[in-house]
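S.K.: Residues per chain, in single letters:
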Amino acid sequence: MRFAWISAWKDLLRLRREPVTLLTWIAIPSFIAVVTTLVFGPGGAQPHGTLLIADNDHGIGATMLGNAFGQGSLGKMFTVEKTSAQEGRRKLDQGEASALLVIPAGFTASFVSSKPVAIQMVRNPAQRILPEIAEEALATMLDRASSMQAGAPLIQLEATVIPDKTEQPGGFAAILLPGALFMGVFFIAGALAADVWRERTSGALRRVATTPASLGAFLVGKLIASALVFSVIGAAGLLAAQRLMNLRVANFPAAVLWIAASGCGLYLAMMLLQSAASSERVATLLTNFVTLPLVMLGGGFFPFEWMPRPLASIGQWTPNGWCVMRLRAVLAGTLEPSAYGVMAALLAVAWLASIRNIRRFAC
Amino acid sequence: MIEVEQLRKQYGDFTAVHDVSFNARAGEIFGLLGPNGAGKTTTIGCISSLLAPTSGRIRVMGHDVVSDGVAARRSIGVVPQEIALYDDLSAHENLAYWGGAQGLRGSKLHDRIREVLELTGLVDRAKEPIKQFSGGMKRRLNFACGIVHEPKVLLLDEPTVGVDPQSRVRLLELVREQARAGTCVLYTTHYMEEAESLCDRLGIIDHGNLIAQGTLKELRSMLGERDVLRLTGAFHPDRVREALASVDGVEIIHADEALLSLAMSDASHRLPLIFGALNGAEVRGTTLTQPSLESLFIKLTGTDLRE
Numbered sequence: 001m002r003f004a005w006i007s008a009w010k011d012l013l014r015l016r017r018e019p020v021t022l023l024t025w026i027a028i029p030s031f032i033a034v035v036t037t038l039v040f041g042p043g044g045a046q047p048h049g050t051l052l053i054a055d056n057d058h059g060i061g062a063t064m065l066g067n068a069f070g071q072g073s074l075g076k077m078f079t080v081e082k083t084s085a086q087e088g089r090r091k092l093d094q095g096e097a098s099a100l101l102v103i104p105a106g107f108t109a110s111f112v113s114s115k116p117v118a119i120q121m122v123r124n125p126a127q128r129i130l131p132e133i134a135e136e137a138l139a140t141m142l143d144r145a146s147s148m149q150a151g152a153p154l155i156q157l158e159a160t161v162i163p164d165k166t167e168q169p170g171g172f173a174a175i176l177l178p179g180a181l182f183m184g185v186f187f188i189a190g191a192l193a194a195d196v197w198r199e200r201t202s203g204a205l206r207r208v209a210t211t212p213a214s215l216g217a218f219l220v221g222k223l224i225a226s227a228l229v230f231s232v233i234g235a236a237g238l239l240a241a242q243r244l245m246n247l248r249v250a251n252f253p254a255a256v257l258w259i260a261a262s263g264c265g266l267y268l269a270m271m272l273l274q275s276a277a278s279s280e281r282v283a284t285l286l287t288n289f290v291t292l293p294l295v296m297l298g299g300g301f302f303p304f305e306w307m308p309r310p311l312a313s314i315g316q317w318t319p320n321g322w323c324v325m326r327l328r329a330v331l332a333g334t335l336e337p338s339a340y341g342v343m344a345a346l347l348a349v350a351w352l353a354s355i356r357n358i359r360r361f362a363c
Numbered sequence: 364m365i366e367v368e369q370l371r372k373q374y375g376d377f378t379a380v381h382d383v384s385f386n387a388r389a390g391e392i393f394g395l396l397g398p399n400g401a402g403k404t405t406t407i408g409c410i411s412s413l414l415a416p417t418s419g420r421i422r423v424m425g426h427d428v429v430s431d432g433v434a435a436r437r438s439i440g441v442v443p444q445e446i447a448l449y450d451d452l453s454a455h456e457n458l459a460y461w462g463g464a465q466g467l468r469g470s471k472l473h474d475r476i477r478e479v480l481e482l483t484g485l486v487d488r489a490k491e492p493i494k495q496f497s498g499g500m501k502r503r504l505n506f507a508c509g510i511v512h513e514p515k516v517l518l519l520d521e522p523t524v525g526v527d528p529q530s531r532v533r534l535l536e537l538v539r540e541q542a543r544a545g546t547c548v549l550y551t552t553h554y555m556e557e558a559e560s561l562c563d564r565l566g567i568i569d570h571g572n573l574i575a576q577g578t579l580k581e582l583r584s585m586l587g588e589r590d591v592l593r594l595t596g597a598f599h600p601d602r603v604r605e606a607l608a609s610v611d612g613v614e615i616i617h618a619d620e621a622l623l624s625l626a627m628s629d630a631s632h633r634l635p636l637i638f639g640a641l642n643g644a645e646v647r648g649t650t651l652t653q654p655s656l657e658s659l660f661i662k663l664t665g666t667d668l669r670e
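For the record, the sequence lines run as chains S and Y. Per this note's numbering, residue 1 is the first one in the first sequence, and the count goes up by one each step. Per this note's numbering, residue 364 is the first one in the second sequence, and the count goes up by one each step.
FYI, nobody ran anything at the bench for these hints, they're computed from the structure. Where hints are given, some of them may not hold.
Stated by the list, open to error - The calculated SDA-like cross-link candidates involving lysine to any residue, where the alpha carbons are at most 25 Å apart (straight line), are:
#: 1; chain 1: Y; residue 1: Lys494; chain 2: S; residue 2: Met64
#: 2; chain 1: Y; residue 1: Lys501; chain 2: Y; residue 2: Arg488
#: 3; chain 1: Y; residue 1: Lys515; chain 2: Y; residue 2: Lys490
#: 4; chain 1: Y; residue 1: Lys494; chain 2: S; residue 2: Lys82
#: 5; chain 1: Y; residue 1: Lys515; chain 2: S; residue 2: Pro212
#: 6; chain 1: Y; residue 1: Lys490; chain 2: S; residue 2: Leu142
#: 7; chain 1: Y; residue 1: Lys501; chain 2: S; residue 2: Thr24
#: 8; chain 1: Y; residue 1: Lys494; chain 2: S; residue 2: Thr24
#: 9; chain 1: Y; residue 1: Lys471; chain 2: S; residue 2: Arg2
#: 10; chain 1: S; residue 1: Lys91; chain 2: S; residue 2: Ser110
#: 11; chain 1: S; residue 1: Lys82; chain 2: S; residue 2: Ile60
#: 12; chain 1: Y; residue 1: Lys490; chain 2: S; residue 2: Ala4
#: 13; chain 1: Y; residue 1: Lys515; chain 2: S; residue 2: Pro253
#: 14; chain 1: Y; residue 1: Lys494; chain 2: S; residue 2: Lys76
#: 15; chain 1: Y; residue 1: Lys515; chain 2: Y; residue 2: Ala630
#: 16; chain 1: Y; residue 1: Lys490; chain 2: S; residue 2: Val20
#: 17; chain 1: Y; residue 1: Lys471; chain 2: S; residue 2: Lys91
#: 18; chain 1: Y; residue 1: Lys501; chain 2: S; residue 2: Arg16
#: 19; chain 1: Y; residue 1: Lys494; chain 2: S; residue 2: Lys91
#: 20; chain 1: Y; residue 1: Lys494; chain 2: S; residue 2: Arg17
#: 21; chain 1: Y; residue 1: Lys515; chain 2: S; residue 2: Arg2
#: 22; chain 1: Y; residue 1: Lys490; chain 2: S; residue 2: Thr21
#: 23; chain 1: S; residue 1: Lys76; chain 2: S; residue 2: Leu142
#: 24; chain 1: Y; residue 1: Lys490; chain 2: S; residue 2: Arg198
#: 25; chain 1: Y; residue 1: Lys501; chain 2: S; residue 2: Lys91
#: 26; chain 1: Y; residue 1: Lys580; chain 2: Y; residue 2: Asp527
#: 27; chain 1: Y; residue 1: Lys662; chain 2: Y; residue 2: Leu636
#: 28; chain 1: Y; residue 1: Lys494; chain 2: S; residue 2: Leu142
Given the structure is predicted, the values throughout are model-derived calculations rather than measurements.
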C-alpha cells in the first residue's frame with residue numbers, strides 16, 4: 001500500500017508541474033458555464049421570451065393584466081405580443097413564444113360583477129423556465145386580484161402543462177451545472193488516462209513491473225491521485241456555482257464524493273479504452289471518438305431539458321449522463337442510497353478489469 | 364546468481380528465445396552479444412519476470428522468477444534500453460520514486476539517493492526537472508535508478524544506445540564498479556568493442572539461439588581462431604623458414620627481407636619462443652593482432668552483425 005501513496009505523490013507532483021492539460025480541460029466547461037451564466041444571468045433569473053396574449057375581452061381588466069407582464073422585472077423577461085388564440089397556438093407550436101395567455105370574452109365584466117371566470121395559459125413544452133415564470137406570475141396576479149374581492153377566489157387559472165419527468169428542483173443552475181461539471185470531469189478523466197500511454201512509451205510502466213511493487217498498487221496510486229483531482233474540481237465547481245449561480249447543494253460532502261467516485265469510474269473506463277488501442281495515436285482518436293458524443297448526449301453541452309426527448313432518454317443512460325442525473329439528485333437531497341451501491345459495484349468491476357489489463361499493457 | 368535453463372519464449376508460431384541456458388556469477392559481467400532482434404531483450408524480460416517464459420526455468424539468487432517472482436525481483440535492478448524516467452520530475456524525485464518502488468524508505472532511501480547521485484555525478488543537478496538534462500545525463504540517471512536499492516543482480520539492456528562517447532566511457536566504468544562490488548551483471552549489447560572490453564564472459568545470441576558462450580579467450584580457441592604476429596626488420600626468408608620449422612603450431616603467412624607474418628594461437632605467451640628461434644634476425648617492430656569478436660561472430664553466424 002505504501003507504493004500506492006508513493007505513486008499518487010508522483011502523479012500529483014507531475015500534474016502540478018504540467019498543469020496545462022488539466023487546465024485546458026477545466027477551461028472548456030468553465031467557459032460554457034460562464035457564458036451561459038452571462039446570457040441568463042446569475043441563477044438564470046432573467047431569461048427572455050415572448051408572451052402571447054389573446055385578448056377576447058378587450059376590457060380594462062384584460063388590458064391591466066396584459067400590461068402587468070410588460071412592467072418591472074417581468075417586463076425585462078417578456079416581450080408581450082397581442083394575438084388571436086388561433087394564431088397564438090400556431091406560434092407556440094412553432095416555438096416562437098414561451099406561453100399563450102387566453103383571456104375570455106366578458107372577463108372584465110365577470111370580474112367587476114364578482115362572477116367566476118376562467119383564463120387559460122398554454123405553455124411551450126420545449127421551454128421550462130420562462131413558461132413556469134409566466135404561470136407563477138399570472139397565478140400571483142390573479143390571487144391578488146381575487147383577494148380584493150370578498151369571498152372565495154373568483155378567477156380561476158387553467159394552465160395547460162405538458163409534464164416533464166426530468167424537471168428538477170433548484171432551478172436553472174441545478175439543470176445546467178451538473179452536466180457542465182461532468183463535461184470537465186469526463187475530459188479530465190480522458191487526459192489522466194492518456195498518461196498511461198506516456199508511461200508505457202517511456203518504459204516506466206515496464207520498469208514498475210520489474211520491481212517488487214505490484215502493478216495493482218501502482219494503479220491504486222493513480223486512482224488516489226485522480227480522486228483527489230476530481231474532488232478538488234468538484235468542490236471548486238460547486239462552490240463557484242453556489243456563489244455565481246445560486247446553486248442549491250443539499251449535501252456538499254456527498255456531492256463532492258459523488259463527483260470523485262464518478263470521476264474515478266470514468267477514469268478507469270477511459271484507461272481500459274486507452275489500453276485497448278494499438279498505439280498512442282489510436283488511443284487518442286478512440287478517446288475523442290467516444291468522449292465527445294458521450295459528453296454531448298450526457299448533458300455536457302446542453303441540459304437534458306433542452307434536448308429532444310428521445311435523445312435525452314438515451315443520454316441519461318450514458319455513463320456520464322447516469323452520473324449527472326444522480327448528482328442532480330444529490331444536490332437536491334433526493335438520491336436513493338442504492339445509487340451509492342450501484343456506483344460501488346461499477347467501480348469494482350472497472351477496477352478488476354483494469355487490474356487484469358494493466359500487466360498485459362505494461363509488457 | 365542468475366541460472367537460466369532451457370529458456371524458451373514463443374509468441375504464437377514465432378520463437379523469440381530458443382532453449383537458452385547460461386549462468387552468471389557474483390562479481391561477473393556476463394554479456395549477451397547479438398544483433399537487434401536476436402532475443403536479448405526478451406531474455407532480460409523473462410529474467411526480470413516481466414515476461415512469462417513459455418518453458419524452461421530461471422532462478423535469481425535461488426528464487427524462481429515465475430513461482431517466487433517478488434523475492435526474485437527484490438534482488439534485481441533493471442536498467443532498460445529506454446530512458447524509463449519521469450521527465451517532469453527531478454533526478455532526486457525520480458530516485459525517490461524508483462527507490463520507493465524497491466521498498467526503500469526513510470534515511471536508508473535518502474542515503475542511497477545521495478550515494479548514487481554522487482556516483483553518477485548528478486549531485487549538482489539533482490533538483491532540476493530532468494527534461495533539462497542532456498541525453499548522457501539521463502542515461503546516467505537511468506542507470507542510477509536501477510542501482511539505487513543496491514541490487515545483487517543488475518540487468519542492463521543496451522544501456523549505451525545513443526550515448527555520446529564520453530558518457531559511454533563513464534557508464535561502462537559505473538558498470539565495472541558494480542561488478543567489482545560483487546554484483547552479478549548481465550549486460551546486453553550489439554556493440555562488439557563494448558562486449559570485448561567490458562565482459563568477463565560472453566554469450567553470442569542470434570535468432571533466439573545462444574550459439575556460443577565463454578570467456579573471450581575460450582571463444583577464440585573454441586573457434587580455432589589464431590593470432591597474427593607481424594615482425595618488421597631485416598630477415599633472411601630461407602633462414603627464418605628453417606628456424607621456425609621446429610616451433611609447433613606456427614604458420615608462416617608471409618616472409619620477405621623486411622616483413623614477417625606468422626599465425627599461431629596464444630601468440631602473447633609464445634613470443635619468447637619465437638624470438639629465440641629467430642636468434643640473429645634484426646627485429647625492429649612487433650605487432651600482435653588477435654581475432655576480433657566481429658570475425659568470431661561472422662564465423663559463428665555466417666552473417667555480419669546486423670544493426
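S.K.: Now tell me, hint by hint, if it's right for this structure.
M.R.: Hint by hint, here is what the structure shows:
1. Y:Lys494 / S:Met64: Not OK: Y:Lys494 and S:Met64 at ~74 Å, beyond 25 Å, violated.
2. Y:Lys501 / Y:Arg488: holds, 11 Å
3. Y:Lys515 / Y:Lys490: violated, 28 Å
4. Y:Lys494 / S:Lys82: It is violated: about 70 Å lies between the C-alpha atoms, which goes past 25 Å.
5. Y:Lys515 / S:Pro212: holds, 14 Å
6. Y:Lys490 / S:Leu142: Roughly 74 Å between the alpha carbons, so the hint for Y:Lys490 and S:Leu142 is violated.
7. Y:Lys501 / S:Thr24: This hinted pair is violated, its Cα atoms lying about 30 Å apart.
8. Y:Lys494 / S:Thr24: Holds: Y:Lys494 and S:Thr24 sit about 22 Å apart, inside 25 Å.
9. Y:Lys471 / S:Arg2: Since the Cα atoms of Y:Lys471 and S:Arg2 sit roughly 16 Å apart, the hinted pair holds (cutoff 25 Å).
10. S:Lys91 / S:Ser110: violated, 29 Å
11. S:Lys82 / S:Ile60: With a Cα-Cα distance of about 15 Å, the restraint between S:Lys82 and S:Ile60 holds, given a limit of 25 Å.
12. Y:Lys490 / S:Ala4: holds, 23 Å
13. Y:Lys515 / S:Pro253: violated, 49 Å
14. Y:Lys494 / S:Lys76: violated, 57 Å
15. Y:Lys515 / Y:Ala630: violated, 37 Å
16. Y:Lys490 / S:Val20: holds, 22 Å
17. Y:Lys471 / S:Lys91: Status violated; Cα separation ~79 Å.
18. Y:Lys501 / S:Arg16: holds, 22 Å
19. Y:Lys494 / S:Lys91: Violated. Y:Lys494 to S:Lys91 sits at ~63 Å, over the 25 Å cutoff.
20. Y:Lys494 / S:Arg17: holds, 12 Å
21. Y:Lys515 / S:Arg2: holds, 23 Å
22. Y:Lys490 / S:Thr21: holds, 24 Å
23. S:Lys76 / S:Leu142: holds, 20 Å
24. Y:Lys490 / S:Arg198: holds, 22 Å
25. Y:Lys501 / S:Lys91: violated, 71 Å
26. Y:Lys580 / Y:Asp527: Cα-Cα ~29 Å, so violated.
27. Y:Lys662 / Y:Leu636: With Cα atoms ~30 Å apart, Y:Lys662 and Y:Leu636 exceed 25 Å; violated.
28. Y:Lys494 / S:Leu142: With Cα atoms ~72 Å apart, Y:Lys494 and S:Leu142 exceed 25 Å; violated.
Hints 1, 3, 4, 6, 7, 10, 13, 14, 15, 17, 19, 25, 26, 27 and 28 from the list above are not met by this structure, while the remaining hints are.
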